[in-house]
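Here is how the chains run, residue by residue.
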Amino acid sequence: MISDQFPALIIVFPLIIAFWINIVGWWWKKPCFYMSVSALTVSFISSIGILNTVITNGTIHYRLGGWEPPWGIEYVVDHLNAFLLVIVSFIGLLVGIYSKRDIEKEMPQKIPQFYSVYTLLVMGLLGMTITGDAFNLYVLLEIVSLASYALIAMGEDGAPLASFNYVIMGTIGACFYLLGVGYLYIVTGSLNMADLSELLPKLYHSKAVLVAFAFFLIGIGIKMAFFPLHVWLPDAYTHAPSSVSAFVAGTMTKVGAYVLMRVLFTIFRPYFSIELIPATTVLGWTAVAAMMYGCVLAIAQHDLKRMLCYILIAEVGYIVLGISMANRMGLTGAILHIMNDALMMACLFSVAGAIMYKFGNRDITNFRQQQLNKKMPFTMAAFTITALSVVGIPPTCGFFSKWYLIIGAIDARQWVFAIALILSSLLSAVVFFKVIEKIYFKPREPVHPHNEVTHEEVVMDEAPMSMLIPMYIMVGGILILGILSGQIISTVIQFAVPASF
Amino acid sequence: MIEYIIAKYNYWIYIVLMMIGFYAMIGKTNLVKKLLGMNVFQWAIILFYVSTGSKKGGATIPIVMGAHGHYEPAQAIQFLNPLPHCLMLTAIVVGVSTTGVALALVIMIYRRYHTLEEDEILELLETSRK
Amino acid sequence: MDVIYSIKPFLAIMVSLVAACLILLTGEKSRNLRESWTILASVIKFIIVASMIPSVLKGNVLEYTIISLAPGLFLQFRVDAFGLLFGILASTLWIATSFYSIGYMRGLKEHAQTRYFFCFAIALSATMGIAFSANLLTLFVFYEILTMATYPLVAHKETPEAIKGGRKYLTYTLTAGVVILLSMAIIYRLTGTLDFKPGGFMAGNASSDMLRFLFVTLVMSFGVKAAIMPLHEWLPTAMVAPTPVSALLHAVAVVKAGVFGVLRVILYVFGPAFLHDTGLWILLAYLVSFTIIVSCFFALAQDNIKRRLAFSTINNLSIVILGAALLTPSAIKGGMLHIAFHGFMKITLFFVAGAIYVKTHKQNVSELDGLGRQMPLTMGAFAIGAMGVAGIPPTCGFISKWYLCLGSLAAHEIVFLFVFLASALLDAAFFFPIVYRAFFKKPKEDINPGFNEASLFMVTPLVATAVFSLVLGMFPNAFVHFIEIAALAVQNIMGG
Chain A
1 MISDQFPALI IVFPLIIAFW INIVGWWWKK PCFYMSVSAL TVSFISSIGI
51 LNTVITNGTI HYRLGGWEPP WGIEYVVDHL NAFLLVIVSF IGLLVGIYSK
101 RDIEKEMPQK IPQFYSVYTL LVMGLLGMTI TGDAFNLYVL LEIVSLASYA
151 LIAMGEDGAP LASFNYVIMG TIGACFYLLG VGYLYIVTGS LNMADLSELL
201 PKLYHSKAVL VAFAFFLIGI GIKMAFFPLH VWLPDAYTHA PSSVSAFVAG
251 TMTKVGAYVL MRVLFTIFRP YFSIELIPAT TVLGWTAVAA MMYGCVLAIA
301 QHDLKRMLCY ILIAEVGYIV LGISMANRMG LTGAILHIMN DALMMACLFS
351 VAGAIMYKFG NRDITNFRQQ QLNKKMPFTM AAFTITALSV VGIPPTCGFF
401 SKWYLIIGAI DARQWVFAIA LILSSLLSAV VFFKVIEKIY FKPREPVHPH
451 NEVTHEEVVM DEAPMSMLIP MYIMVGGILI LGILSGQIIS TVIQFAVPAS
501 F
Chain B
1 MIEYIIAKYN YWIYIVLMMI GFYAMIGKTN LVKKLLGMNV FQWAIILFYV
51 STGSKKGGAT IPIVMGAHGH YEPAQAIQFL NPLPHCLMLT AIVVGVSTTG
101 VALALVIMIY RRYHTLEEDE ILELLETSRK
Chain C
1 MDVIYSIKPF LAIMVSLVAA CLILLTGEKS RNLRESWTIL ASVIKFIIVA
51 SMIPSVLKGN VLEYTIISLA PGLFLQFRVD AFGLLFGILA STLWIATSFY
101 SIGYMRGLKE HAQTRYFFCF AIALSATMGI AFSANLLTLF VFYEILTMAT
151 YPLVAHKETP EAIKGGRKYL TYTLTAGVVI LLSMAIIYRL TGTLDFKPGG
201 FMAGNASSDM LRFLFVTLVM SFGVKAAIMP LHEWLPTAMV APTPVSALLH
251 AVAVVKAGVF GVLRVILYVF GPAFLHDTGL WILLAYLVSF TIIVSCFFAL
301 AQDNIKRRLA FSTINNLSIV ILGAALLTPS AIKGGMLHIA FHGFMKITLF
351 FVAGAIYVKT HKQNVSELDG LGRQMPLTMG AFAIGAMGVA GIPPTCGFIS
401 KWYLCLGSLA AHEIVFLFVF LASALLDAAF FFPIVYRAFF KKPKEDINPG
451 FNEASLFMVT PLVATAVFSL VLGMFPNAFV HFIEIAALAV QNIMGG
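Here the protein sequences come in this chain order: A, B and C.
At position 148 of the first sequence (counting the first as 1) the number is 148 in this note's numbering, and the numbers step up by one without a gap.
At position 105 of the second sequence (counting the first as 1) the number is 105 in this note's numbering, and the numbers step up by one without a gap.
At position 438 of the third sequence (counting the first as 1) the number is 438 in this note's numbering, and the numbers step up by one without a gap.
Worth flagging that the hints you see were computed from the coordinates, not collected in a lab.
Positions of the beta carbon are idealized from the N, C-alpha and C atoms, including for glycine.
Hints are all accurate, no fakes.
When the alpha-carbon atoms are kept at most 35 Å apart in a straight line, the in silico DSBU-like pairs for lysine-lysine are as follows:
1) B:Lys33 <-> A:Lys207
2) C:Lys168 <-> C:Lys359
3) A:Lys374 <-> C:Lys359
4) C:Lys8 <-> C:Lys29
5) A:Lys358 <-> A:Lys30
6) C:Lys109 <-> C:Lys442
7) A:Lys374 <-> C:Lys109
8) A:Lys434 <-> A:Lys105
9) A:Lys358 <-> C:Lys168
10) A:Lys434 <-> C:Lys29
11) C:Lys29 <-> A:Lys100
12) B:Lys33 <-> A:Lys110
13) A:Lys29 <-> A:Lys358
Now the stretches of chain A that chain B is said to cover, found in silico as 3 or more residues with beta-carbon under 8 Å:
14) 141 to 154
15) 160 to 172
16) 176 to 183
Could you build the full structure based on these sequences and the hints that come with them?
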């Protein structure tokens, strides 16, 4: 049955297609886009199939090559994984469709290279999510990193330097993760995550394990852009091509948060991460700092994309805050927020990309002169709805994840966390309403009530359909998934939270 | 104390190498020097892993000489652990690819700014943005 | 008391949402078609709401669940007597405001009319949602949607003052919103439910300090929208909005939603028994009495007509809350009735202010000399509205004030009786000069001595609401059975 092979198919198919895109692209540029989208569609369908199987049958263990763990590499898919697979492949597919016109305009001679590396990037993220082996995760982490270095460097003026800085910092992060895996291998002799979680409890007092844990946290923190290890993110995501920003902003940090959850709760049991070492406490307070820092700095930005990068740093703070509360509600909020944030960030960056596509600049102070609300009404409407979701206004999905995070904070009796959550909502309201004001309400010359208000007919100059439709699918998701969050929690997330909570 | 240092001398060397590389990545402003630091950092980690595969008591590489046709099981204690070596093959490949990508970026940057000092590049970026 | 499952509350909300989408699609291409969507939606909404009256009067409760969000938490509608009262008020007045808006917008040749009608329709949807919500969470969801929908209406004129007004409005309401969110989360964790129950459900669930804290935060944050002093500052500033917005939203929908929220918290979340036992009712009563008296003095000092009316609104909202805080059946009934009756009277007054502005571009009281000769219908309606707010029979304002005074006597607190009477006197003090100036003073040069009313679209609604105020004053149970509904609500809270 092909559905049994979905875990392998989801990785192998894009991998092979990525290779072939490069070859085919030597002669014909046109098929590259279609090959990439078809590979991503296959991944998306496989991920839905996997989610379906996990909901009906429980955790999938897929042994590559038939080798038993811990000697062979194993793909383990439980509810958390399956959920994230669907999200990553969905955003990958939508942004892939979105990217067609954008790439044709920005870098017409590099189309085959772009699509092959993009497909590799999506595949790498899917692999990071699905694997059950710690070293395999390092390999896929590096695939993701290399692909993103290359994609980011294809962007506008400051992009190569930003990418170079990202290379340096990203390598430090990945090497720290590798060191962590190395220490664990030395003391246990195993690389399989499930196996490690069996073997480690006897060794919790050994220094090597503690050091490994510390290396893991720092390494993943760098990859996830968790304050204060976030320094590479604003430059890299601002100067990257629009489609690349849209995709990586929506997914890479979330997959990093997923890896953090795996390390904290699967490899090292919750008892270790919460009580033996107060890692969750430290993470919680740093997350509060991340939220405040991100929101406050976003207010000061002129460039729309840079502002969104700082909001992204704050959103990562939310997710880690949810993880650090270490109770059922907080983790539910964090996992739900992973889904919501992926949609919101991808949509916001898509809007920024559409504005860049049409006007060539993204300076907020120019928004009213350009009469964006008349020329691109649909794009601006998408921006407004997504902005409301980031602020946390019902009935959008952002409200529901904030609701669970606040309940989690109350359950943990951490009133500072709850106050930080609502304060950051207000700060992000300031950030986004500043932009919304500039789009819709900037003061015009005083209107005399006697005159007919004449305006030359401003022709609507909207972004092309292939960019609008993915955007609106994401907006639809933001509106509908919020109301359905009860269903989502009861079918998937409830089982994704580790059972001991 | 001295025995402690001498007995684990390999780990101390790797730590020193790693810190040299780390300092170069952070402290130097020339992009190529940063890259060199990154390489030293990665190679130190690789050496660290490889050294964990070795064993005391004369363990040798895991190849059985003249075993064609004989089917006794090999004694694991005579051979060193090949797994870290395999893992590090992957890591070496990763390191080489990363260096390649970073060098390509350095070439792009040089073509654009004609300098490889980070502070000068930042100044050029500031002026070009105004 | 039966629970009936009916889709009517959901339909009432969806009607204006559908209309909003149609308005957006029609746009500027065909103005008449676009306006007709608004009118059609308002009439259908009124019919749906009115059709629920007989069932609720029998003592039934209409329920409709949209979806379950968490164990014990549903997005759910439940139409009980109090919610129906608010719903009837909002839907009736929307019909009047729709006609009035058409006249106003076209008379001033305003810009961005599509955005205006679109946001108006969504705001009314949200108001219906607030009226019919079954628990705090649903109320909060629609509360925030209302804030978002009314923000573009406040900043409509796009002048610097309008934008500042919009910012202030958002600051106050969003901050209040997040405080409600936090309090709601705490209540949910303490009790496991957020459903409204007549007589309250909180008592005994937590330490009394925590309960007091929650009560104060909830009342004050809903009180931001209900313009309790000192959190009232956004309301006079929001008068930069076009007058139909001020009329329906800031005299009826938004601020009444705030008062509705406060009353729900007092009567259906915490309950009169809790308030009585902890003595919180006296504190609340004194707080709002302060607002009542002080706002009258502010109103006396204002020259701008709309700002004077804004302070009068603040006055009347606190009168409603005082009625609920007194915890006696008559007082609560008076408060609930005042929500409805004051809505009719205040909207008349605002309609008049807008008609004056469109016709003569006058905004200040000092400019109104002799206007009664030119616009007798308009100023006559103003006189009726003013009489109503002051509580003079035979307007409906007298009836609600009567119940409130009875209630304050029953609560054995004479002080509040004096508060009610004093505010009536002060109301007269700042409204009657306007009437006097309009009818009895010599007109200034730029007033046309002949009959020259504003357009029919504007005059008809304001005359209609003024006449309706009179009719309700004489036959309070006419058409929509306000008194019976209020009595039923009070009975459920106190006795049932």
